[in-house]
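Student: Produce the complete structure using the sequences and hints provided.
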Amino acid sequence: MAYILQGETGDWEIVIGLEVHAQVISKSKLFSGAATEFGAEPNTQVSFVDAGFPGMLPVINETCVEQAVRTGLGLKAKINLTSVFARKNYFYADLPQGYQISQYDLPIVGEGELILDLPDGSTRTVGIERLHLEQDAGKSIHDMHPSKSFIDLNRSGVALMEIVSKPDLRSPEEAGLYLTKLRSILRYLGTCDGNMQEGSMRCDANVSVRPVGSTELRTRCEIKNVNSIRFVQQAIEFEARRHIDVYESGGGIDQETRLFDSVKGETRSMRSKEHAHDYRYFPDPDLLPLVIGQDFVDGIKAGLPELPDEKKARFMAEYGLNAYDAGVLVAERVSADFFETVAKGRDAKIACNWVMGDFFASLNATGKTIESPPVTAADLGALIDLIKDGTLSGRLAKDVFALMVETGKPPAVIVEEKGMKQVTDTGAIEAAVDAVIAANPDKVQQVKDGKTALLGWFTGQVMKATQGKANPAMVNEMLSKKIVG
Amino acid sequence: MSLDKATVRNIANLARIEVRDDELDHLAGELSNILTFVEQLSEVNTDGVAPMTAAAAVTLPMRVDAITDGGMPDAVLANAPEAEDGFFTVPKVVE
Chain A
1 MAYILQGETG DWEIVIGLEV HAQVISKSKL FSGAATEFGA EPNTQVSFVD AGFPGMLPVI
61 NETCVEQAVR TGLGLKAKIN LTSVFARKNY FYADLPQGYQ ISQYDLPIVG EGELILDLPD
121 GSTRTVGIER LHLEQDAGKS IHDMHPSKSF IDLNRSGVAL MEIVSKPDLR SPEEAGLYLT
181 KLRSILRYLG TCDGNMQEGS MRCDANVSVR PVGSTELRTR CEIKNVNSIR FVQQAIEFEA
241 RRHIDVYESG GGIDQETRLF DSVKGETRSM RSKEHAHDYR YFPDPDLLPL VIGQDFVDGI
301 KAGLPELPDE KKARFMAEYG LNAYDAGVLV AERVSADFFE TVAKGRDAKI ACNWVMGDFF
361 ASLNATGKTI ESPPVTAADL GALIDLIKDG TLSGRLAKDV FALMVETGKP PAVIVEEKGM
421 KQVTDTGAIE AAVDAVIAAN PDKVQQVKDG KTALLGWFTG QVMKATQGKA NPAMVNEMLS
481 KKIVG
Chain B
486 MSLDKATVRN IANLARIEVR DDELDHLAGE LSNILTFVEQ LSEVNTDGVA PMTAAAAVTL
546 PMRVDAITDG GMPDAVLANA PEAEDGFFTV PKVVE
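Just so you know, the sequences run in chain order A and B.
Just so you know, my numbering puts 74 at position 74 of the first sequence, and the rest follows in order with no gaps.
With the second sequence counted from 1, adding 485 to any position gets you my numbering.
It should be emphasised that the hints constitute simulated quantities derived from the structure, not laboratory data.
None of these values were measured; they are calculated from a predicted model.
For glycine and all other residues, C-beta sits at the position ideal for the given N, C-alpha and C.
Possibly wrong hints are sitting among the right ones.
Calculated Cβ distances over 12 Å to all of chain A for the following chain B residues [claimed, not checked]: (1) D510; (2) S517; (3) F522.
Computed cross-link-like contacts, DSS-like style, restricted to lysine-lysine with a CA-CA straight-line distance of at most 25 Å [said to hold, decoys possible]: (4) A:K418 <-> A:K349; (5) A:K139 <-> B:K577; (6) A:K482 <-> A:K448; (7) A:K264 <-> B:K490; (8) A:K264 <-> B:K577; (9) A:K344 <-> A:K388; (10) A:K166 <-> A:K139; (11) A:K448 <-> A:K349; (12) A:K148 <-> B:K577; (13) B:K490 <-> A:K224; (14) A:K482 <-> A:K469; (15) A:K181 <-> A:K76; (16) A:K301 <-> A:K264; (17) A:K418 <-> A:K388; (18) A:K388 <-> A:K469.
Tutor: Pasting the structure below:
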């Protein structure tokens with residue numbers, strides 16, 4: 001379903017391309033042996049290479065190269081066995097070298113694709129333009145002093161993967177789905193932790209608009225460094241609306257870099273970057289071309305985990321789940337693993353309902369994560385077994401689950417301690433049924449007169465009388481036999 | 486190839502080098518001469534020849550991913566014109 005913005009003069013569509021900077025998971029930096037860990041004391045993880053001291057030479061980190069190739073393979077992309085590092089020149093206080101080592105003409109990864117999982121269960125393929133390796137800059141802190149900026153170079157030289165999409169996205173929602181899916185793939189691969197709050201995944205959005213039906217690409221604006229998926233969507237929406245207003249009032253859009261103000265919900269021009277697009281790239285004379293062998297790539301390929309798309313397809317085929325449920329479960333590897341533990345040897349649909357329903361709700365309610373869940377997968381599985389063997393009714397099981405969340409005890413222990421076993425003793429149920437029938441002769445008559453819907457009310461009364469412990473199927477059967485005959 | 490004054494002004498600006506207006510003509514001439522000298526290389530036909538990046542057939546050496554450096558904030562900050570609380574400090578730059 002196309003996303004269309006209505007203007008004064010007609011309908012418009014948005015053209016969006018995203019550039020994601022993903023921090024590579026590695027112990028040390030791209031070109032130096034300094035540590036990469038987040039949150040260290042200022043300038044304690046800095047080598048002379050990272051600080052741009054004269055005469056220091058970069059030596060590339062093999063693991064970072066592997067991580068880039070691994071990510072490329074995860075995006076079904078072409079791996080370039082020869083790639084070249086280039087200098088991107090600009091001045092900024094947190095860039096001590098005066099240039100960023102990046103890749104320009106020949107990136108390590110070429111064209112690939114990413115599959116969006118739309119909410120209606122369908123999918124859409126978005127093109128990946130390229131992925132290249134580059135250095136991160138240091139960090140400037142502007143609020144520690146009235147007239148000075150403070151510079152911490154711990155982040156300077158940390159490896160980033162810049163992942164560039166083709167301008168294939170058409171709505172803020174698709175942009176959000178793209179980021180969600182990319183994050184999921186990176187986390188499965190173990191190449192980036194995807195943490196947008198800590199800045200290990202950052203997004204720039206290129207936005208333009210055009211009249212519906214047109215295939216032209218109009219002038220785009222780049223919105224820099226937006227740090228949450230929601231803000232990316234807001235920024236795109238605002239920017240698209242701004243373009244339409246400008247065009248419809250007879251103006252034109254200048255290609256420029258803009259900042260998103262999350263407080264005001266608007267984008268504004270970054271004046272200081274007006275000249276910044278003249279980066280004067282040239283091949284870095286300190287670094288030879290990066291040449292990797294096909295065997296290097298094949299070795300990484302052989303070690304790839306099952307990725308979200310394949311896992312989703314398998315969950316649908318093997319467990320009979322629908323596209324939506326499968327998509328939610330595979331978004332994170334831990335939730336997929338949790339589900340599989342619960343579903344193993346059990347009815348997968350029931351397992352899915354419990355995981356997606358009561359279990360996910362318990363995570364929200366307790367604020368716990370699936371890594372240290374309030375109820376383990378083994379215990380949830382055991383609970384489902386107790387329903388299957390008739391010990392618990394569905395309703396009792398929900399009560400037991402609530403107690404499992406509260407106490408952390410396994411279901412069998414709770415059932416034992418609280419005497420919550422389902423009553424399947426015919427005599428006990430019959431006594432309760434008889435009592436309810438005897439107390440409500442008028443309603444019994446109504447059922448006999450054809451108002452069979454009232455039988456449900458009787459079931460409810462019997463369940464209440466037995467504190468929910470009676471087997472509902474047996475109660476229904478008995479009521480219907482005794483009243484309707 | 487010859488450069489005009491506006492181009493020289495832009496190059497100087499990008500390089501953060503201050504150039505007086507009365508120096509622009511002279512610099513434009515000098516830079517144009519350098520470019521013309523280098524442009525002689527384009528007389529050689531290099532169609533189908535891969536770029537030579539080193540005299541010997543060597544490729545980029547790689548290092549293993551291990552923490553072998555850092556942990557010396559004092560040395561890193563030793564030559565800083567200004568530092569405070571372990572940070573470099575510079576005149577305020579903010580968007």
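Student: For which of the previously enumerated hints does the structure constitute a violation, in increasing order of number?
Tutor: Numbers 4, 7, 10, 11, 13 and 16 - these are the hints that the structure violates, sorted from lowest upward.
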